[in-house]
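Visitor: Build out the structure end to end from the sequences listed, making use of the hints.
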Amino acid sequence: MTELRYLAPSSLDEAIGAFAAAGSAARILAGGTDLLVQMRSGVLKPGLIVDIKKIAEMTAIEETADGGFHIGAAASGMALAEHARFGKVWPGVLEAVNLIGSKQVQGRASAGGNLCNGSPAGDSVPAMVAAGAIVTVQGPNGRRQMKVEDVPAGPGRTNLLPGEILVSFTLPPRPKGSSDAYLRMIPRTEMDIAVVGVGVSLTLKDGVCTAARIGLGAVAPTVLLVEAAANALIGSKLDDAALNAAAAACSAACRPIDDKRGTITYRTKVAGVLLKRTTAIAAKRAQEN
Amino acid sequence: MAKLHVSTTINGEPMEFLCEHSDTMLDALRGPLGLTGSKEGCASGDCGACSITIDDRLICSCLMLAAEAEGHEIRTIEGMAHGEKLHPLQQKFLEMAALQCGICTSGMLVASDALLRKNPRPSEEEVRFWLAGNLCRCTGYDKIVRAVLETAAEMQEQGLKEFCQ
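From first to last, the protein sequence lines stand for chains A and B. Residues 14 to 302 in our numbering are what the first sequence lists, from first letter to last. Residues 124 to 288 in our numbering are what the second sequence lists, from first letter to last.
Rather than coming from a laboratory, the hints here were simulated on the basis of the structure. All values reported here derive from a predicted model rather than from experimental measurement. Even for Gly, the Cβ is constructed at its ideal location relative to N, Cα and C. Every clue listed holds true.
Derived pair list, reagent style PhoX-like, types lysine-lysine, alpha-carbon separation capped at 25 Å:
{"#": "1", "chain 1": "A", "residue 1": "Lys189", "chain 2": "A", "residue 2": "Lys289"}
{"#": "2", "chain 1": "B", "residue 1": "Lys266", "chain 2": "B", "residue 2": "Lys241"}
{"#": "3", "chain 1": "B", "residue 1": "Lys126", "chain 2": "A", "residue 2": "Lys58"}
{"#": "4", "chain 1": "A", "residue 1": "Lys66", "chain 2": "B", "residue 2": "Lys241"}
{"#": "5", "chain 1": "A", "residue 1": "Lys67", "chain 2": "B", "residue 2": "Lys126"}
{"#": "6", "chain 1": "B", "residue 1": "Lys241", "chain 2": "A", "residue 2": "Lys101"}
{"#": "7", "chain 1": "A", "residue 1": "Lys289", "chain 2": "A", "residue 2": "Lys250"}
{"#": "8", "chain 1": "A", "residue 1": "Lys66", "chain 2": "B", "residue 2": "Lys126"}
Over 10 Å on every C-beta distance to chain A, these chain B residues come out as not near it, computed from the model:
{"#": "9", "residue": "Met203"}
{"#": "10", "residue": "Ala220"}
{"#": "11", "residue": "Glu277"}
Guide: Put into structure tokens, the structure is as follows:
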């Protein structure tokens, strides 16, 4: 880790200037819970670290006038948990973010880092995909917005352009009767990496599902938006036939790997099982809204 | 690369130190600052032996760069006792034999203190989940969990507010 330069700019323009100028040698530091581990193990030897936490927009958590949320890319999981309103409006996103690591890791780790780390198993990503989050990125050529599901390009890679920095997530306002949930399968009870993760966000009106989005993690090179599963739920009363069809759609979308955490067969089956369980939790919460 | 000059507050005292750009906060604590109570176990954020707080937020100091301390308030295990008077958690860990080799103990105490400040009467389950990021290879955790619960009960009974400010 020699010849590393640390920079903590207070403006986004300054951060982008330095980040873009340093090219592939530069890394963004939000919570550092992935970056510092990669540096320590020798996987990464960055020449420049741009700490974005002194930029106010990067750590802000704001509820907008219309009931949506802006979450700074570097806002920590603990800051989200401590927010008075966020967990009430987006309980599924919050439970996903709060599954990442220990309390110590929660104090630092951010949804922005989780997304940009590019792991197919990042817990917050399926929940953000289900939530329909839009991300704002900014680079040398200005600002643009992307759907959160368009950010990951493959394990460890994103579709951000050179010099671009993830700035924030925007979550839409919630219609009445809406809620969300996230469940992951791990062989332990805490502190592990998802074998399968499912995020479900839905809206119920008179017991009928009028809108749904499903995010599926750890079963393909990137987190997936499974529209076929959502379509199986929309228009139904979440009866067994609809749930079975949605579960089958989730299993059909899986393109997993075999590894020490789970086999292809296991992950494919569990994706369907978790879809049903997660939908049940989201529906119960939605009925109370 | 010239060293960085960092101005920060550690355990309530203004402090300045020099560090390499790549140094972790744990490197700075155990090196130039001479605060060796925080231990290095895994150096990858898994074991919690290096737990500190920054602006009252519990973190692993091995996963923070020393340069990030600029302008923030750091608390370490060294700030836990008031002079010779042990913090109730420290006292209870001794009484209830909640430590053996001691490597995890600083982190356990800092993390437990952070829990009790946030949640003065946690359930056993809450203590176990909160301390999931602090590994102990000696005690089997049970004595630690019981010591934290016992401290919480006593602190509430006796109103030991001086340690909660």
